[in-house]
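Undergrad: Given the coordinates of chain A, work out where chain B should sit on it, guided by the hints.
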Amino acid sequence: MGPSLTFKTGVRDVLPTVFGYIGVGLAFGIVAHTSHLSLLVVGGMSFIVYAGSAQFIITSMLLLHDPLSAIFISTFLVNSRMILMSTSLAQYFRHESLLKNLLIGTLVTDETFALAMNKQNRTQGKLSFAWQSAANLVAYLVWGLATIVGAILGGMIANPTQFGFDFALTAMFIGLVYLQLISDRHLGLSLQLTVMVFVALVYYFAIGLMSQNFALLVATVAGCLFGMEMKKCR
Amino acid sequence: MSMTLTELWVILGCGVITVASRVLPFAFVKQVKMPAWLINFLTFVPITIMTALCCQSLFVANPGHFATLNVANCLAAIPATLAGILTKSLLMVVVVGIMAMAVLRYFAIGG
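Chains as they are written, first to last, in our numbering: chain A, 34 to 267; chain B, 2 to 112.
Hints were generated in silico from the structure; no laboratory data involved. A quick note: this is a predicted structure, and the numbers were derived from the prediction, not measured. Be careful, since some hints might not be right.
What the hints assert, rightly or not - So the derived label-pair ranges between C-beta atoms look like this:
id, chain 1, residue 1, chain 2, residue 2, range
1, A, V44, B, I79, 29 to 37 Å
2, A, I185, B, A37, 45 to 53 Å
3, B, L70, A, R45, 30 to 38 Å
4, A, K41, B, W38, 18 to 26 Å
5, B, L83, A, R45, 23 to 31 Å
6, A, L132, B, A103, 43 to 51 Å
7, A, L110, B, A103, 47 to 55 Å
8, B, G111, A, T39, 37 to 45 Å
Stated by the list, open to error - Derived pair list, reagent style EDC-like, types lysine to aspartate or glutamate, alpha-carbon separation capped at 16 Å:
id, chain 1, residue 1, chain 2, residue 2
9, A, K159, A, D217
10, A, K264, A, D217
11, B, K31, A, D217
12, A, K159, A, D199
13, B, K89, A, E129
14, B, K34, A, E129
Claimed, not checked - Covered stretches of chain A (chain B as the covering partner; in silico rule of three or more C-beta atoms under 8 Å from a C-beta of chain B):
id, region
15, 107-118
16, 126-133
17, 224-234
All C-beta atoms in this analysis are idealised placements derived from N, C-alpha and C, irrespective of residue type, glycine included.
Pulled out of the complex, with its shape left as it was, chain A reads as follows (with noise of 0.2 Å):
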């Protein structure tokens, strides 16, 4: 990944993610054609709420039954850690017009804002809408063929587990976290690996509590508080 910001170098570092979004698209695909959704249903779903985690829960909840509203409060609250991300990311197009704000906020996800915050770290802090719009838009058309795909091909896999292509995201994630670790000047190593610690043991505590989601955005929180704290001793 270099300093350049333009579209094609954001088609060129959105490309090692697009593994993960193909092997969660592709399962999504699968369990949305054993849960009897149309494939209508399954590209609505992906192309209009565009939510990974939440689309897996919109789908059980709507075999089980559940009532709208309580299918509407799941999404937002898998989804509210979004809110903390494009705060987060917003700050970097302040000097782009609202219209483009718009534009990049509607289809940033986990994945665009993790690349991002990588990019920003080889550019002093900066962030283009060519190479944002380009991560976002490669990101939205290949979940969207990824779970079409997966929703035909559906009955045809027996186990699509079994070549590891469901591992793909953890590894992404893990790979994302390492790059930003070692890259993240302004925090430096130390401060991050305490944080990073802090942030699994009040994960790990709080998932026999609450929800895996809400024990995502508090142990977050928590996380942010604490390497705020931190940074004031040092």
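TA: Same frame as chain A, now just chain B:
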């Protein structure tokens, strides 16, 4: 190819919810000057959220009890992390991770 009315409402309603959580912060940050403490807070969001997302696949929740490790994911994470340290390439981490998981599954290690 069909869609029930409930499915249509779920797609439209959840679509509005997810877009709002993504877009409103951008509109907010663009219009309002953020206080220093909030900017300081947000500098920790990338590392904390990515760590928490990793933990989500490395730990298994057992409601009411202590969490346990997802052994297969933890084992596959080792070569994936080593690939990251050696190559500093996201692509290599993903490729090595998938291969490691395929090998683990082939020998039925880690469940």
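Undergrad: Each hint should be assessed against the structure and marked as holding or not.
TA: Each hint tested on the structure:
1. A:V44 <-> B:I79: 29 to 37 Å: holds (31 Å)
2. A:I185 <-> B:A37: 45 to 53 Å: With Cβ atoms ~51 Å apart, the hint holds.
3. B:L70 <-> A:R45: 30 to 38 Å: Holds, since B:L70 and A:R45 (Cβ atoms, about 35 Å apart) stay within the stated range.
4. A:K41 <-> B:W38: 18 to 26 Å: violated (38 Å)
5. B:L83 <-> A:R45: 23 to 31 Å: Check passed, 25 Å falls within 23 to 31 Å.
6. A:L132 <-> B:A103: 43 to 51 Å: holds (44 Å)
7. A:L110 <-> B:A103: 47 to 55 Å: violated (33 Å)
8. B:G111 <-> A:T39: 37 to 45 Å: About 42 Å separates the Cβ atoms of B:G111 and A:T39, which means 37 to 45 Å holds.
9. A:K159 <-> A:D217: Holds, because 13 Å separates the two Cα atoms, which is no more than 16 Å.
10. A:K264 <-> A:D217: holds (14 Å)
11. B:K31 <-> A:D217: Since the Cα atoms of B:K31 and A:D217 sit roughly 24 Å apart, the hinted pair is violated (cutoff 16 Å).
12. A:K159 <-> A:D199: violated (33 Å)
13. B:K89 <-> A:E129: violated (31 Å)
14. B:K34 <-> A:E129: Holds - the C-alpha atoms of A:E129 and B:K34 are around 15 Å apart, at most 16 Å.
15. 107-118: holds (count 9)
16. 126-133: holds (count 3)
17. 224-234: holds (count 5)
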